[in-house]
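Engineer: Those sequence lines, one after another, are chains A and B.
Heads up: the first sequence begins at 0 in numbering that gives the first Met the number 0, then just goes up one per residue.
Heads up: the second sequence begins at 0 in numbering that gives the first Met the number 0, then just goes up one per residue.
Think of the hints as simulated: they come from the structure by calculation, not from any bench.
Note that the coordinates shown come from a computational prediction; the quantities given were computed from them, not determined experimentally.
One should not assume that every hint holds.
Result set (BS3-like, lysine-lysine): computed pairs, CA atoms no more than 27 Å apart in a straight line [stated by the list, open to error]:
#	chain 1	residue 1	chain 2	residue 2
1	A	K134	B	K215
2	B	K215	A	K44
3	A	K563	A	K483
4	A	K77	B	K45
5	A	K260	B	K416
6	B	K153	A	K85
7	A	K47	A	K149
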Amino acid sequence: MNQERDNKPARRPGRGPGMGPPMGRPVEKAKDFKNSFRRLLTYLKPYKVQLITVLILAIFSTVFSILAPKLMGKITTKLFEGIMKKRSGIPQAKVDFGYILNIIMILAGLYFCSALFSYWQHFIMAGVAQKTVYKLRNEINEKMARLPLKFFDTHTTGEILSRVTNDVDTISSTLQQSLTQLITAAVTLIGIVIMMLTISPLMTLICFIILPLSVLVTKFIAPRSQKYFAKQQESLGELNGHIEEMYTGHTIIKAFGQEHKAITEFNAINEKLYEASWKAHFMSGIMMPLMGLINNMGYVLICVVGGIFVTKKRITMGDVQAFIQYARQFTQPIVQTANIANILQSTVASAERVFELLDQDEEIQDRAITKTIASPNGNVKFENVKFSYKKEVPLIDNMNIEVQKGQTVAIVGPTGAGKTTLVNLLMRFYEIEAGKITIDGININDLQRSHLRSIFGMVLQDTWLFNGTIKDNIAYGKKGATFKEVVAAAKAAHADHFIRTFPDGYNTVLNEEATNISQGQKQLLTIARAILADPAILILDEATSSVDTRTEIFIQKAMTELMKGKTSFVIAHRLSTIRNADLILVMDNGSIIETGNHHDLLAKGGLYADLYNSQFAGSNMAG
Amino acid sequence: MFKLLKHLKPYRAYIALVLALVFFQSLSELFLPNLMADIVDTGIVKGDISYILKVGGLMLLVALAGTICAVLAGYFASKVAMGFGRILRLKVFSQVESFSFPEFNKLQTSSLITRTTNDITQMQQLVMVMLRMMVSAPMMCIGGIIMAVNKDAKLSLIIVVIVPILMVAIYLLTKKSVPLFKALQVKLDRLNLVLREYLTGVRVIRAFNRVSYEEKRFQEANQDLTKTAVRVFQIMAALMPFMMLLLNLTTLVIIWFGGIRIDNGYMQVGDLMAFIQYIMQIMFSLLMFSMMFVMIPRASASATRINEVFDTAPSIVDSDVVKDDAGNRGRGQIEFNEVTFSYPGAEKPALKNISFMALPGKTTAIIGGTGSGKSSLLSLLMRFYDLASGSILIDGVDIREISQQSLRAKIGYVPQKPILFTGTIADNIRYGKEDATEAEIWQAAEIAQAREFIDSMEDGINSYIAQGGTNISGGQKQRLSMARALVRRPKIYAFDDSFSALDFKTDAKLRLALKQETLEATVLIIAQRVSTVMDADQIVVLDEGEIVGLGKHKELLHSCHVYREIVQSQLSGEELA
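Excised from the complex, chain B in its bound form (with noise of 0.2 Å):
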């Protein structure tokens, strides 16, 4: 956790002058009840008003001093705190912008989320507090201890005596007290399990006629539950009312022994009112640093997922040597020689030994079942992944002696599940050419069949897209992501059975634009439809990972068991003969 703490370096200055503005708030805070131990002892003892008003002044002074120190001090460390939350999210979001894929796999999208925005209020939480209270908290206890010694430093002897008794009640509660409250939310996580199976699965459970099942299901975990929660809350019920019996008593025993020292004559009135107000600063700075142990592990389990971000690096880099210039004057095509790849952890490779050449202006289908390879492939390509072993070049460079950036300019890419973004139609068209006029993306939305909808929004292509694309329906979220690949006018085109979410008429049309646009470049299509690869120039026919199949259909179908078997699968005989 306190690894962390080393982002707070460009706010060393600032912390300082909290450290000693909390130090000056404290002091004023102490002094007080000393000046107040003079208004008794001498002022009133003696009956002198205009010493009583002096004093009361100069209490007022300090009070007021206090209080600016304190404002400061809430000033500087809510900039600090914030900061250090502001800088954290900055490195993290970018560590995790220059993770590529395996990094993304191992840490996952849902918990990358979770550590760049929960993970981190919860850090720059603890800072807060940190600054505000465990600062002031030892500050104050020790000053309380210093000052009550300093009033009388043998009835200081009670401290020895309380301070344990408390610590070792404060440590007990926590000790019981947490892992109730874990097994609480164990239950309350069994509650909603329970429920939302129950909402998720509505329609079976009716269809099924297992309502009562569920309602049941439901009042078992619903009873767990309660019956905890009273149990935890019950024990809780005594935590209050014994911390303060606590504090109250050990008053009783102060006034006691401290009515028998100012008998003796070894102290004064004034003083033992100062000395209980001590006494209660001292135990209340204990609670609170006791609070801080409550604190500590949520954040440093917060701190420890945070650190992984930074201790994760990136797999992909660029070679030091890049050579963005050969084969420039390329028209795209792409070479696979013997790539075999695995994912990471994986104990069987994904691609093994793929070899082929998708040429410029052909059409190369890949092809096969679920798990066959097929969009690792494309992966490779775009150097999502690193192969094991082998090479992809296109135009003769090999990808890894490019940089990822000019590599990937050079595709234009369609991924399986359309990904739109917050914002106008005309940004998320742009995100493929970030200078594109408007022309080009009207242009590029005819192409995939996507004018005709755009043009029955209010806005046109300035229509807004939700988050998620929630608006649109799956189809024009599939046409504005080809758009998005086609207003880059690229050299190639990598479609991730992109079509599967078209009706069949606007995938046929769509086809047909598609390929008057890549008459030049390289197309590569994955595709689960037999109609959709059937024209292909060339087909990859994949399964487990493996070439079982190289050719144009009518071959295949004689040649290949594989492909056979998917064709008869989606086709009747009567059309296969």
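Chain A with its partners taken away, still in its complex shape (with noise of 0.2 Å):
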């Protein structure tokens, strides 16, 4: 269940791809946002020649369509006084068709231009947004390789993945639309505010005595609609966690006849979400209308003033017609440019979590000049090694044991006690804080952390494999096994018999959570891959509770198969094991607190002593 929800990326009131933020909902801010920005613009430099030929296209493309307006006007001074002429009765008065289509011509011209210009854009833009976040996709990904395992282990799998997904797909689309628009957005208000004033000066003035309006409007509604938008998304998530929990836990809510209580407890949640969201919605709905009013009173001031001048022969009909597009088209930029810079805010955020993954501390480099251990023999020793995750809490102190070739571990102790920390230790996923772990006498930092990781084998409960087919699945522990050494590792792994039962053999394809086969049938598969790898050194999991008594025996058989003449750490579940084995770690809480073998630690008196009694002391009395 953990994992279900750790797969899926987080949820982050965001916005789908290639939509803006509806008005008034609530912006993420960015905790720094000028370097982060700076940052991010490094990221575009090596397109300047692009950007700048953006910048030009789009300049002319936007200078094109705000002429058209004043052209269009002047089409229609003509008409009008042509028809004025006429109507005061001036013999051979016409209207002047030539002259018009002339002008229509023009902006023809002119608006192909503008609509080509605007289309190169884009077509660059595309490309340039794309590489851009086509190169930070793959630092990401290169980051990863070189991130240490404590990363991974402190942060869940949604999480990352909503870094490269979300936040990546935030950054596309705003270099992709928002930074066109930005510009398009601050030359459309120069070019309509110099239109404007070559028209009439006091009619600009009448529509800046309406811009403040519009502030007004803003200012009042936007705190509004966030609180309501904040306090819908609050019980949004509410509700989900509440249905995630009661259909998940549904066993336990049948088996308890408490169905009324869950209902009655989502009617709550879900009266107070209604409640909030029809507000935010009304609220943040308001704003067009009321946008729109404020639009309408300058439309019609202008109209008026507009018509009194022209009657007063201060301007010509086609400039009114040209001033009232232009006064149309005013707030829109006004309004865009105030959303451009919401949805920087929230790009930057993103981009600032994108830069806190690449940021973060690497695995220690490999030494420059490293040891190999050409046939490894599997002699383990640990000295005096000293281990924790967090300083404040240490786990392993002055630990000291040695493992000759060919002999077995047993790691014991209460379930989830610390196995993970043995293999991050022997496999420096993480590294310790003093002493050192040697094998066949070299230290283990010496070592090419991959030449280190070729000399283990590794079969673990919780089995890995990877959405491909069972032969690719099984060669993954050798680079470029043939199919024959394939097929040799399952048939030693007891997995031979079961893969050739599908239908297609070795090569069925294991889907995206490897459902289409049986937990068993996984571990057998794993168990190919390491007889695969023949490692020298091997950690094993034993039995698990999961898999049927008969896989169960197949499993035995090929583990025994595998550890033959190898070092083995096994997490031991079988009292045969452990009794046999040479050496047995007591864990606790992931520190190991005893060590010794079975004898020993049973004279000793201590865990070990009382685990064994309570588990199998039971058996003694029945035998």
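Both chains are given apart, each in its own frame, so use the hints to dock them into the complex.
Structural biologist: Laid out in structure tokens, this is it:
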């Protein structure tokens, strides 16, 4: 259940791809806007030429579209003049269609160019945006390889996934759309103001008087709407949590007859959600009509004032028409800029999270000069090893053990007591604080990590298989393994038989969660993988509760086969394994508290003796 | 999809109101250009300033009225849409709560969660958009056409030419872009899959030195994605410029022909200006309308999933006449009578001809390999599923003859995986008995060996448990889950392999304490560990759904080879002797 949750990308109030946040939704803020923004810009640096081209194209395409209304106004003026002359009875008065056609042709040209340039600019941006995030994703990918395991242990899968998907997505769509929009909006605003001023400064003033009104409306509505959206989000989170819990715990609800309680609780949260969400939607929805009203007020005022001016012959008819069009566009870039400012904020916040990932401490580099163990024997020695995950909680202090080639070490203790710790140290997933671990007398820190890990084989209970064929999954243990070798390994692992029962045999594709084969079969596949890799030292996980008896016997046999002549660390559950082990490590809460063989430890009367007696004493009596 | 809209019924009046309001709002918007034309054609042409002022005032009033309508429409629409979501959510949730396990298995938990959350939000959004945009778009479109024809019928013929061009353009674009976006999603999913596999398997990948291989896999997926993305967005780059060009060229055509008509005296200048605005309104509403077609497929997929929930009837219902009082004085004797059961869709029955008795005051243990049907046995006892044939009796009464509620009230169930809920420890234990006093809770905790760790927590039994119980250990969860069953003091205890998460020491202590507590009760234990079942009064050995052994430990060691095999796999030969 936990696994399921971890795999889901974290829910974050965000926007769908390609859509701006609706007005009045809360905006996520970056912690250090300036530096993160600057760093984001460095990713765009290689595209300087393209970006400058986009800028120029944007300016031209916008300027062309701004010129249009003014030109169109000229047509109206000509028409109007012609009609007025006709009315006043001037002989031979007629509309100058040659002139009008001229302007229409110019306009058509302008529109074509504007559209072309706009298309061109988006076309370039598509390349720039996608290549930028491509690079970002690749950097994350490379970083992943260098991050210590500690990072993966302390962050959930969902959290990391969300940075690579949601956050990178946000950056990509902002680059794709908002950047050009920002340029266009700025140019439009300046252009429109200039055009309006050339037509009539007084009427421009009217537009500017209207402006504070819209700011006022925004100021009034935005915080209220944000408040309700935040509340809605909160209730929604609560509701989702409740639903998830009730559905996954359905057995318990039914067994204890608590359906009514679940529904009552649900209803209470649902009511809360309803209250918050209708207010949130109402508040954010009201913005448009109010802005529209203000716009219309400006429109009416301009119509009236413009009309009066025309009658007074201060401006022409076409100018009024053009001005109306400008005024209608006037508030648009302002609202757009405000929106983009918000988008930019959340984009930089996203970028920040990605950078945070890129800035994580990396694994200590392998030494420049490393040793190699040509044919490892598998003598393992811990000398005065000190280790802890958190400085305040010491786990292992001054541990000394020595394991000879071919010996078996059993690790026992309450469930989950710390088998991973051992894997972590041996494979150098984590660094020890003091002392040293040697293999065949060579300090593992002097080996290249990849070399060290090639000495080990690992078969754990939480099997890991990937979405691919069975053949590929087994061959994972050895680069360039032939099909023959794969089959041989599968045979040794008692897996050949069940693999052949699948219609596609070795080419059967395991699905994403590998649910098309059983837990025990998975385990056999991972054993086959280890057999193929043929390592000198093994780390094994014994007996599992979720495997049927027959398969379990196979697993036992396969493991025994695998362990022959190899140094093995076994997380043991079976008494026979424990008793026959050369060395027993008793672990509790992650630390090793007792070491010795079966008889020594029994004599000692510590935790091992306790465990042994409580688990197996009954069988002695029965026997 | 429209089937779901019947849940809007309680809001009929509101919806009518919204429609009316949107209608008036559209009217006001259509009316404004008309008034402007008046200013031009009458006011300016005649130089009548007072007329201009009068009409200007009228325009303001119309705009104001339109806004009021829009705000009110928004108010009611929000209430309708969100109320619709509220009703739907409650109905879906209640329906799911009434489901039994066959339905849960069929629809899947994770999918049910999506159906109750995202899918309903999707529908809610659709209703909102329908009420605001889809209603006003056709009104504006039709209104615009009427007004345009009214201004100049002949010039309106342009609409006949332009609209089909626009529609074809929209059609072609969506036809081209939808599969492209789908392809993009597939590539994105692929990238996520590769990354997720890396994250979940990081230990194995590093242990096998396959980091560079995984890196390459990611890079390939990334390249593939980027290539597609660049193409998709380069094609989409044409969308807006093309639409704008179409709109602008239309305007030019109108001006040209309009100019000619003005010259011939069929039309006035102000009318032409208004006409242009009408055509724009018509085209924009068409664009709006096309957005709807993008939204509908998504919403209808959601609707289908929600309807599936409604169309799934709970398979286990109480019989019409329940004999809840029957056998109430019994002590919890269980009898399985020739029970056969298969999971829906399964070829082989999970349990075949199971017959045994579990007596009060005795412990009956059930052991067997995975898939042998152990857990199914308990599920049947709890009536999570119904039998194919045979019967289960509790104190002589068939469990199908009493209500599910009273059946389950007799049983204290401890599942294999401990499931706790958000809330305090006390809340969780009270799940077993709603009116349990603090003393009762402590007592249950004591028996379940949970007292010690509860005591060590800051707020004792009022300590908070996070969702999924992530702030306590697996063993602690198991003990609380045990306490929850104990607090009921039921006649029957059902432990489904509930001891495996405990360390051996706690396991032993707990079993000792349990023995005292359950002296009178019927105890059913499913177990994996031989040490857990050895002392039982009766052991049922299951293999592939059939009983292959029934008796005490010692008898079974001799008579039942399956049992012996299990024991052998866990204990060494010495202890078997």
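Engineer: Hint by hint, note whether the structure agrees.
Structural biologist: Consistency of the hints with the structure:
1. A:K134 to B:K215: holds, 14 Å
2. B:K215 to A:K44: holds, 26 Å
3. A:K563 to A:K483: Satisfied, since the Cα-Cα distance of roughly 22 Å is no more than 27 Å.
4. A:K77 to B:K45: Roughly 18 Å between the alpha carbons, so the hint for K77 (chain A) and K45 (chain B) holds.
5. A:K260 to B:K416: Holds, because 22 Å separates the two Cα atoms, which is no more than 27 Å.
6. B:K153 to A:K85: The given pair, whose Cα atoms are some 23 Å apart, holds under the 27 Å limit.
7. A:K47 to A:K149: violated, 39 Å
Of the numbered hints listed earlier, the single one contradicted by the structure is hint 7.
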